[in-house]
Amino acid sequence: MRHMIHERLKARLATASPALEGHLDEDAICAFVEGRLEEAESSPVISHLIACGPCRQTTAQLVRFDSEFAPENELTPLEESPGRVRLLLDRLAARLAPSFEEDAVFAYQEPAAEPDQSAEVISESKPETVKDGD
Amino acid sequence: MCAAELDAIYAVCAESHSDFDLSAADFRDAVIGAINKYLIGSREGSVVPSAHEISRFIGELQDRDLFLALACARGNEQAWWEFDRQYRSFIERWARHLVRGGTDADEVIDSVYVELFGTRISGGVRQSKFRTYTGRGSLRGWLRAVILHTVVDLYRGRKPEIPLEDWSGNDEAREPRGRFAESRGTEEIMLASVVRDRYRSATNAALDQSLAALDDHETLLLLYYHVEGLKLREIARIVEQPRSPIRRWFQRQSKRRGTGPPSRVHESTVMRWLEKVYKKVSDRFHAELADKHGLNAAEIEICRNIVTEDPAQGVRLDRAVAGSDNFNKEEAAKAPG
Chain A
0 MRHMIHERLK ARLATASPAL EGHLDEDAIC AFVEGRLEEA ESSPVISHLI
50 ACGPCRQTTA QLVRFDSEFA PENELTPLEE SPGRVRLLLD RLAARLAPSF
100 EEDAVFAYQE PAAEPDQSAE VISESKPETV KDGD
Chain B
0 MCAAELDAIY AVCAESHSDF DLSAADFRDA VIGAINKYLI GSREGSVVPS
50 AHEISRFIGE LQDRDLFLAL ACARGNEQAW WEFDRQYRSF IERWARHLVR
100 GGTDADEVID SVYVELFGTR ISGGVRQSKF RTYTGRGSLR GWLRAVILHT
150 VVDLYRGRKP EIPLEDWSGN DEAREPRGRF AESRGTEEIM LASVVRDRYR
200 SATNAALDQS LAALDDHETL LLLYYHVEGL KLREIARIVE QPRSPIRRWF
250 QRQSKRRGTG PPSRVHESTV MRWLEKVYKK VSDRFHAELA DKHGLNAAEI
300 EICRNIVTED PAQGVRLDRA VAGSDNFNKE EAAKAPG
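Chains A and B, in that order, give the protein sequences. Just so we're aligned, residue 0 is where the first sequence starts under numbering that gives the first Met the number 0, counting upward by one. Just so we're aligned, residue 0 is where the second sequence starts under numbering that gives the first Met the number 0, counting upward by one.
No lab work stands behind these hints, which were simulated from the structure alone. Watch out, some of these pointers could steer you wrong.
[To be verified] Non-contacting residues of chain B with respect to chain A, defined by C-beta distances greater than 12 Å in every case (computed):
1. A2
2. A10
3. S17
4. L60
5. E106
6. G140
7. S267
8. T268
[Unchecked claim] Here are the computed lysine-lysine pairs in the BS3-like style, where the Cα-Cα straight-line distance is at most 27 Å:
9. B:K278 / B:K230
10. B:K279 / A:K9
11. B:K291 / B:K275
12. B:K230 / B:K275
13. B:K278 / A:K9
14. B:K291 / A:K9
15. A:K9 / B:K230
16. B:K291 / B:K279
17. B:K291 / B:K278
18. A:K9 / B:K275
19. B:K230 / B:K279
Built from N, CA and C at the ideal position, the CB exists for glycine as well.
Input sequences plus hints: build the corresponding full structure.
Right, here's the structure in full:
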């Protein structure tokens, strides 16, 4: 029976319908794999994992890789070199420029809306973008 | 009651990291988002969670991780400094573990940081990946999933996916219809082939029905083991957590749900669960073939062999065909293509 089920499940996989349009996000996948969900919360996740090969594969891979990952590779806080994060953020913000410019042209913005902190970071870094992008 | 609890959690986090510059309102909005996603979103209809459920949910949140993620999402430099200090080495090692190639790993690490920061702006807000983290699981576990998805995207972008029809387990692919008969070229063999198709059809229908009758937890267990190829000890890791839904479901079925401290789930436990599922499928499979398809014991045995047979060997159908009231030769001959 075990072999029979094995063959049938694999055969069904071959003829399975295309992957679902929506997928579980990393947040739900992590919460499921870590066993943090209550029964009611996990029910739709389990149903999705049965129907969705890619998401099920992700959860399986996380478990598989996790068992291979040595404990010493777990969190090891690093000593930061001064200014590293500032440079990192500048570099990351610089990559925003193209989409920022597009949005500036096409996106509607609430007149009353106050720019948030992230928007300020983007604005400040904009002049550097051209330089970094080259 | 919940608001006070939430304020208390925020106060503790803000005291530890006042330089993160995260407001109580932002923190509260994120927690409400998590409640909507998991506690309310998982319920059918308009069932509202009780104050006790909300309180428990808030208490279970990885609040410090959430606080850090929210501050990072807003681009706070101190928060990024803390995140980079705590997780950079983990991200690098995990990426190199998954990819095992220096250049590719560097590309993955770079992509992860770009995604975490966010390169797209919507409604004037930078869409940082951190905004999708709710604190339901750990930030470390969430990062693992983010890195894995980044690796998958990297390789998917480079080469086309393997077509499903290449999968060797496909019955149809292994034995194209009619080829068996053509190679032998005799009427008798053609007839046997048609009968075999009928048995195969009944077998697959009965097996599918038996599998469909399983509970979702049982189905997922089978899929992890047989389709994803997880080892018993790896499945045991999934259900290791006392709150694992799969673990709790099986424990409830066996009426051993813990009154004492939760025990470890060993490989033997998972094997025992699998054996129970096999038995359930087997019983249902036999009942389906006997009751719905009217097959006798010999025919059911043929059906079992059909699923697992080596196509080169074939199955001896003579005895069953001769003695069957259901799949007799005339009926088989009349069977549509």
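So, going through the hints one by one against the coordinates:
Residue-level check passed: A2 of chain B sits 22 Å from the nearest beta carbon of chain A, beyond 12 Å. A cut-off of 12 Å between C-beta atoms confirms that A10 of chain B is not in contact with chain A; the least separation is 21 Å. Every beta carbon of chain A lies more than 12 Å from that of S17 of chain B, the smallest distance being close to 16 Å; the non-interface claim holds. Under the 12 Å C-beta cut-off, the non-interface status given to L60 of chain B relative to chain A is violated; the minimum distance is some 9 Å.
Against chain A, the non-interface label of E106 of chain B holds: every CB pair exceeds 12 Å, the least being about 14 Å. The claim that G140 of chain B is not at the interface with chain A is violated, since a C-beta of that chain comes within 12 Å of its own (minimum 4 Å). The claim that S267 of chain B lies off the interface holds: its Cβ sits roughly 16 Å from the closest Cβ of chain A, which is beyond the 12 Å cut-off. At roughly 15 Å, the least C-beta separation between T268 of chain B and chain A is larger than 12 Å, which holds for a residue marked as non-interface.
For the suggested pair K278 of chain B and K230 of chain B, the alpha carbons sit about 20 Å apart, so the restraint of at most 27 Å is met. Pair hint K279 of chain B plus K9 of chain A holds up; C-alpha atoms about 19 Å apart against a cutoff of 27 Å. Restraint check for K291 of chain B and K275 of chain B: satisfied, since their Cα atoms lie roughly 23 Å apart, inside the 27 Å limit. Taking the CA atoms of K230 of chain B and K275 of chain B, the gap is near 17 Å; set against the 27 Å cutoff, the hint holds.
Between K278 of chain B and K9 of chain A, the direct Cα distance comes to roughly 19 Å. Compliance with the 27 Å bound is thereby established for this hinted pair. Distance restraint check for K291 of chain B and K9 of chain A: the Cα-Cα separation of roughly 25 Å lies within the 27 Å cut-off, and the hinted pair is therefore satisfied. Pair hint K9 of chain A plus K230 of chain B holds up; C-alpha atoms about 16 Å apart against a cutoff of 27 Å. The suggested pairing of K291 of chain B with K279 of chain B holds, with an alpha-carbon distance near 17 Å, which does not exceed 27 Å.
For the hint pairing K291 of chain B with K278 of chain B, the CA-to-CA distance comes to about 19 Å; that is within 27 Å, so the pair holds. As the CA atoms of K9 of chain A and K275 of chain B are separated by approximately 20 Å, the hinted pair is consistent with the 27 Å bound. Using a Cα cut-off of 27 Å, the hinted pair K230 of chain B and K279 of chain B holds, with the two alpha carbons roughly 21 Å apart.
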